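Asks: Based on the provided sequences and hints, a complete structural model is requested.
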Amino acid sequence: MSLHQTTFAPYKTQGPEFAIENRIWDADETLPRAELEALQVERLRDCVGRAAAVPFYQEKFRENNITLSSVRSLDDLKRLPFTTKQDLRDHYPLGFLAVTRDKIARVHGSSGTTGKPTFVAYTHDDLALWSNLCARFLYAGGLRSNHLVHIAFGYGLFTGGFGLHYGVERVGAAIVPAASGNTERQIMLLKDLGADALVCTPSYALYIAEVAASEGIDPRDLPLRYAHFGGEPWTEDMRRQIEEDMNILAFNNYGLSEIIGPGVSGECAARRGMHFQEDHFIVECLNPDTLESAGEGEAGELVITAMTKQAMPIIRYRTRDIASIDRSPCPCGRTSARMSRVLGRTDDMLIVRGVNLYPSQIEEALLRVEGAAPHYQIEVDRKGNLDEITVRVEMRARDFSDKMREMAHLRDRIDREVQHITGLRMHIELVAPQTLERFVGKAKRVIDHRPKATL
Amino acid sequence: MTNLASIKAGTGGGFHPASAPDYLPDAQLRDLQTQRLKRIVKQAYDNVALYRRRMEELNVTPDDIHSIDDVVKLPFTNKSDLRDNYPFGLFAAPMNEIVRVHASSGTTGKPTVVAYTREDIDVWSNSMVRAFACYGMHSGDIIQNAYGYGLFTGGLGAHYGGEALGATVIPISGGNTDRQIMIMKDFSVTAICCTPSYFLHVLERAQEMGVDIHDLPLRAGVFGAEPWTESMRDRIEAMSGIKAYDIYGLSEIIGPGVGAECQAQDGLHLFEDHFYPEIVNPETGEPCQPGEEGELVLTTLSKMAMPMLRYRTHDITCIYPETCSCGRGIRRIRRIGRRSDDMFIIRGVNVFPSQVETALLAVEETMPHYQIILDREKGLDRMEVQVEVTADVFSDKVRALEGLQNKLAKSLEHTLGIHANVRLVEPHTIERSQGKARRVIDRREM
Amino acid sequence: MKLKQLSLFLENRPGQLVQAAQALKEAGVNILTLSLADTEQFGILRLIVSDWEKGKRALEAHQCVVNAADVAALEVSDRPGGLAEILGIIEECGINIEYMYAFTFGRDGKAILIFRFEEVDEAIAKLQARNVNVIGSVELFELSGGR
Numbered sequence: 201m202s203l204h205q206t207t208f209a210p211y212k213t214q215g216p217e218f219a220i221e222n223r224i225w226d227a228d229e230t231l232p233r234a235e236l237e238a239l240q241v242e243r244l245r246d247c248v249g250r251a252a253a254v255p256f257y258q259e260k261f262r263e264n265n266i267t268l269s270s271v272r273s274l275d276d277l278k279r280l281p282f283t284t285k286q287d288l289r290d291h292y293p294l295g296f297l298a299v300t301r302d303k304i305a306r307v308h309g310s311s312g313t314t315g316k317p318t319f320v321a322y323t324h325d326d327l328a329l330w331s332n333l334c335a336r337f338l339y340a341g342g343l344r345s346n347h348l349v350h351i352a353f354g355y356g357l358f359t360g361g362f363g364l365h366y367g368v369e370r371v372g373a374a375i376v377p378a379a380s381g382n383t384e385r386q387i388m389l390l391k392d393l394g395a396d397a398l399v400c401t402p403s404y405a406l407y408i409a410e411v412a413a414s415e416g417i418d419p420r421d422l423p424l425r426y427a428h429f430g431g432e433p434w435t436e437d438m439r440r441q442i443e444e445d446m447n448i449l450a451f452n453n454y455g456l457s458e459i460i461g462p463g464v465s466g467e468c469a470a471r472r473g474m475h476f477q478e479d480h481f482i483v484e485c486l487n488p489d490t491l492e493s494a495g496e497g498e499a500g501e502l503v504i505t506a507m508t509k510q511a512m513p514i515i516r517y518r519t520r521d522i523a524s525i526d527r528s529p530c531p532c533g534r535t536s537a538r539m540s541r542v543l544g545r546t547d548d549m550l551i552v553r554g555v556n557l558y559p560s561q562i563e564e565a566l567l568r569v570e571g572a573a574p575h576y577q578i579e580v581d582r583k584g585n586l587d588e589i590t591v592r593v594e595m596r597a598r599d600f601s602d603k604m605r606e607m608a609h610l611r612d613r614i615d616r617e618v619q620h621i622t623g624l625r626m627h628i629e630l631v632a633p634q635t636l637e638r639f640v641g642k643a644k645r646v647i648d649h650r651p652k653a654t655l
Numbered sequence: 003m004t005n006l007a008s009i010k011a012g013t014g015g016g017f018h019p020a021s022a023p024d025y026l027p028d029a030q031l032r033d034l035q036t037q038r039l040k041r042i043v044k045q046a047y048d049n050v051a052l053y054r055r056r057m058e059e060l061n062v063t064p065d066d067i068h069s070i071d072d073v074v075k076l077p078f079t080n081k082s083d084l085r086d087n088y089p090f091g092l093f094a095a096p097m098n099e100i101v102r103v104h105a106s107s108g109t110t111g112k113p114t115v116v117a118y119t120r121e122d123i124d125v126w127s128n129s130m131v132r133a134f135a136c137y138g139m140h141s142g143d144i145i146q147n148a149y150g151y152g153l154f155t156g157g158l159g160a161h162y163g164g165e166a167l168g169a170t171v172i173p174i175s176g177g178n179t180d181r182q183i184m185i186m187k188d189f190s191v192t193a194i195c196c197t198p199s200y201f202l203h204v205l206e207r208a209q210e211m212g213v214d215i216h217d218l219p220l221r222a223g224v225f226g227a228e229p230w231t232e233s234m235r236d237r238i239e240a241m242s243g244i245k246a247y248d249i250y251g252l253s254e255i256i257g258p259g260v261g262a263e264c265q266a267q268d269g270l271h272l273f274e275d276h277f278y279p280e281i282v283n284p285e286t287g288e289p290c291q292p293g294e295e296g297e298l299v300l301t302t303l304s305k306m307a308m309p310m311l312r313y314r315t316h317d318i319t320c321i322y323p324e325t326c327s328c329g330r331g332i333r334r335i336r337r338i339g340r341r342s343d344d345m346f347i348i349r350g351v352n353v354f355p356s357q358v359e360t361a362l363l364a365v366e367e368t369m370p371h372y373q374i375i376l377d378r379e380k381g382l383d384r385m386e387v388q389v390e391v392t393a394d395v396f397s398d399k400v401r402a403l404e405g406l407q408n409k410l411a412k413s414l415e416h417t418l419g420i421h422a423n424v425r426l427v428e429p430h431t432i433e434r435s436q437g438k439a440r441r442v443i444d445r446r447e448m
Numbered sequence: 770m771k772l773k774q775l776s777l778f779l780e781n782r783p784g785q786l787v788q789a790a791q792a793l794k795e796a797g798v799n800i801l802t803l804s805l806a807d808t809e810q811f812g813i814l815r816l817i818v819s820d821w822e823k824g825k826r827a828l829e830a831h832q833c834v835v836n837a838a839d840v841a842a843l844e845v846s847d848r849p850g851g852l853a854e855i856l857g858i859i860e861e862c863g864i865n866i867e868y869m870y871a872f873t874f875g876r877d878g879k880a881i882l883i884f885r886f887e888e889v890d891e892a893i894a895k896l897q898a899r900n901v902n903v904i905g906s907v908e909l910f911e912l913s914g915g916r
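Residue numbers (the working numbering), protein chains in the order written: chain B, 201 to 655; chain A, 3 to 448; chain H, 770 to 916.
Check before you lean on any hint, since a few could be wrong.
In silico BS3-like pairs for lysine-lysine, Cα to Cα no more than 30 Å straight-line [said to hold, decoys possible]:
(1) A:K409 - B:K583
(2) B:K316 - B:K260
(3) B:K583 - A:K40
Keep in mind the hints are simulated off the structure, nothing from the lab.
Since the model is a prediction, treat every value here as computed from it, not as a measurement.
Replies: So this is what it looks like as structure tokens:
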């Protein structure tokens with residue numbers, strides 16, 4: 201992972217066959233910087249006030265002598281405590297609530313480093329805010345009320361599906377809630393219903409294109425014109441390939457459930473990075489080791505404060521995502537800073553098919569299956585545009601069986617546990633005892649062959 | 003904290019304003035139905051070629067609709083009409099008014115597509131609120147929605163209903179039973195939405211995990227998307243101490259929320275100010291006598307994107323002639339026990355044997371002998387398709403046979419939208435019957 | 770020089786093997802060697818018999834699903850390292866093995882292995898060029914005692 205200084209690569213401003221009109225969804229997106237920053241201070245103070253109702257923050261504030269009067273400018277943000285995923289997990293399930301339980305309209309979750317997910321809560325107002333934030337980037341990316349949008353994100357506890365679903369609804373367009381799986385049927389619906397826009401992970405879009413081609417359908421002939429991708433890191437090369445293969449304009453968006461879900465940032469028509477929705481979230485870009493501010497345009501860990509969320513205000517959340525921030529003006533007229541693509545992680549989390557995966561989850565699964573040794577290796581590859589995970593697990597010598605059936609059973613048990621804990625399907629390969637490489641110290645558990653974004 | 007007993011008793015409910023039409027005096031209800039029927043028939047006639055043609059064949063125009071009783075003048079609509087007019091032929095509203103499209107499996111490869119305007123979504127959410135109110139649920143409830151989200155209407159239907167009720171919705175969707183139980187416990191869930199068979203599975207798993215549902219605040223189950231019985235209800239209620247309620251709906255009409263049991267648990271109230279019921283003889287289409295068993299036919303009185311005139315549900319039931327002890331004026335149907343066609347429901351998904359044939363033919367050139375075995379293991383529905391191996395497809399290589407098995411399973415999953423086990427069996431092991439083959443063996447205890 | 774092998778589809782349930790054996794017995798067909806591959810749900814019985822055409826007819830008459838496939842019988846030294854040697858040659862020739870199993874008897878310190886190759890003719894030609902003894906059906910039948 202390189203953290204060297206760099207600038208943004210030039211982006212295309214026009215798609216394969218059509219330009220996109222630069223329109224703004226709501227006036228707050230173009231607030232003059234001074235007004236925006238004044239609003240941020242006001243909202244940050246309000247946030248600190250409400251966060252004081254959360255025992256975790258109450259204690260941190262007390263330890264650090266923080267009162268409302270300590271927050272007078274954006275510089276004072278530095279005095280506020282960080283929040284980590286571990287903190288959320290330590291207060292499982294909803295120890296970070298700043299409102300009473302009856303105000304909660306929705307609960308979402310994301311995978312944790314072990315079997316217990318991390319949960320987040322929303323009030324009705326939070327849901328309305330979330331829809332509006334998603335509407336902003338969808339509208340910026342060409343979505344209009346007469347469009348039909350095919351959503352191929354999984355719904356459920358995962359925030360990706362719902363965030364975009366309600367954002368599309370907010371814009372007034374129609375939704376085909378296709379969710380995930382059954383790609384042949386998805387292609388049939390894309391073709392027959394003629395969706396204008398596609399919402400999914402970028403790798404799934406490539407997979408759709410590939411399966412369509414294998415069925416004799418030219419993906420360029422699908423009526424699709426726009427796509428809004430998120431849920432996993434991707435590259436500029438992938439964008440070019442998808443736009444070429446499907447004859448569409450592809451937009452990037454970013455978010456994480458701990459902050460709100462998708463809608464934290466998203467691209468405009470200029471596509472020079474993702475506009476950070478700074479009227480609701482303050483972003484810092486820090487060197488993950490020193491926790492000092494990274495220089496202008498330099499990559500660092502994004503640390504985000506969700507100021508306006510009622511159910512769960514989050515202060516200085518360590519996202520572990522590496523990206524850079526560009527504060528130069530954007531020709532689209534939005535005044536917010538823009539973030540680059542996510543370039544990497546500061547921890548060992550993987551994102552596979554849009555799902556967060558921690559190697560520790562695999563370890564936990566193996567511990568539950570008798571006959572599996574805790575020696576394993578995870579290999580992630582993109583085969584035919586679909587992320588594939590192979591987990592190689594060493595057998596214990598005494599558990600080897602000459603019956604194919606029993607070996608298949610052992611494999612199936614591991615398969616089930618792994619799927620249960622991670623929510624992901626993986627290829628499980630049993631390998632002979634003592635065949636996986638051993639590492640001193642932190643084992644190299646993960647081999648990731650997928651392309652990575654660079655600045 | 004509220005004490006467990008009072009949560010279990012479901013106090014704090016009271017009358018929900020959305021339920022007002024449930025109690026309308028008969029004359030007012032009929033007025034409302036008449037008014038809505040006139041509007042919807044006009045919407046259908048003006049915008050859908052099929053309806054106009056069918057009505058012209060019967061010499062009926064929207065001007066012939068004077069009262070709700072005139073519904074019998076209208077032509078029937080069948081599932082095959084949805085297939086024949088796939089995908090947009092039955093849409094009565096322009097795309098810029100449509101905000102949602104759902105789909106369910108059709109009788110062959112193509113799905114059945116339905117559409118909603120903003121107003122339709124509101125009617126749907128409102129009907130779900132009325133269903134929840136029937137069960138005594140209210141804004142203080144924490145709803146675990148374990149129906150599958152996506153094109154299937156169950157998930158999003160219950161979700162929007164729960165949100166409109168003002169409750170907390172946990173959109174967990176289907177699957178991952180251990181996590182379902184963990185969340186039920188950790189979030190003090192008070193109501194769960196899923197298929198009744200899946201809930202039985204949850205109960206059995208909870209027992210294995212040492213979790214007693216009696217000790218949790220869970221008090222109501224909203225169970226639908228598949229037929230179930232009184233004995234299943236007794237079992238669920240005895241094992242969990244919750245009240246198990248039936249909900250009725252179908253995507254062609256709107257999704258879940260067409261009808262719901264009330265706390266009397268004696269038949270399902272139909273929200274007939276939106277979904278007008280008739281019972282007809284499934285063979286002749288003639289109206290049945292009051293109280294007589296027949297096929298349920300529904301007319302959507304308010305759905306603008308895709309009105310359904312006299313839709314043949316193929317569900318066999320009857321309308322109760324008596325009014326309900328709960329005081330609601332809207333009529334009740336008996337819970338659905340059987341169907342007038344060969345459709346079966348597995349894990350909440352509708353399956354026609356003709357779809358299985360489509361899937362098998364997509365892999366093998368000639369139709370193999372096959373049989374569908376439905377089973378329930380630990381409360382979980384399982385579908386096995388046994389396919390006879392013929393010399394044409396047999397190989398001496400394990401890999402090739404497993405490959406065939408996988409291809410068949412994939413093709414089935416693609417066509418049906420659910421997973422089915424494929425078992426290769428020796429030739430002549432599937433029973434041949436005279437005439438119509440016995441394609442489906444249903445061993446599930448209902 | 771290739772041999773015909775019969776393969777049978779078997780469901781994993783009791784009595785399946787007996788039925789096949791009975792069919793061959795009634796037809797007077799002798800089994801020279803066999804191998805059984807089992808999976809979770811089904812098995813494949815592979816047979817080398819004295820008269821494969823007769824055997825196939827007999828099995829089909831018993832409503833079994835039968836395939837005939839070409840395999841090769843290779844002679845190897847019956848001593849430590851014998852298998853490694855032949856597998857080494859096969860690998861050097863760039864031949865893919867689908868599966869293999871051992872013949873039940875040999876002669877003069879030699880053992881016989883049955884191989885299923887992707888391209889059997891090509892494989893036999895290559896192996897013979899490396900002086901591997903490929904045994905024909907007549908020879909095999911004689912070896913097994915000419916019964």
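Asks: Hints the structure violates: just list their numbers, smallest first.
Replies: Hint 3 contradicted; others consistent.
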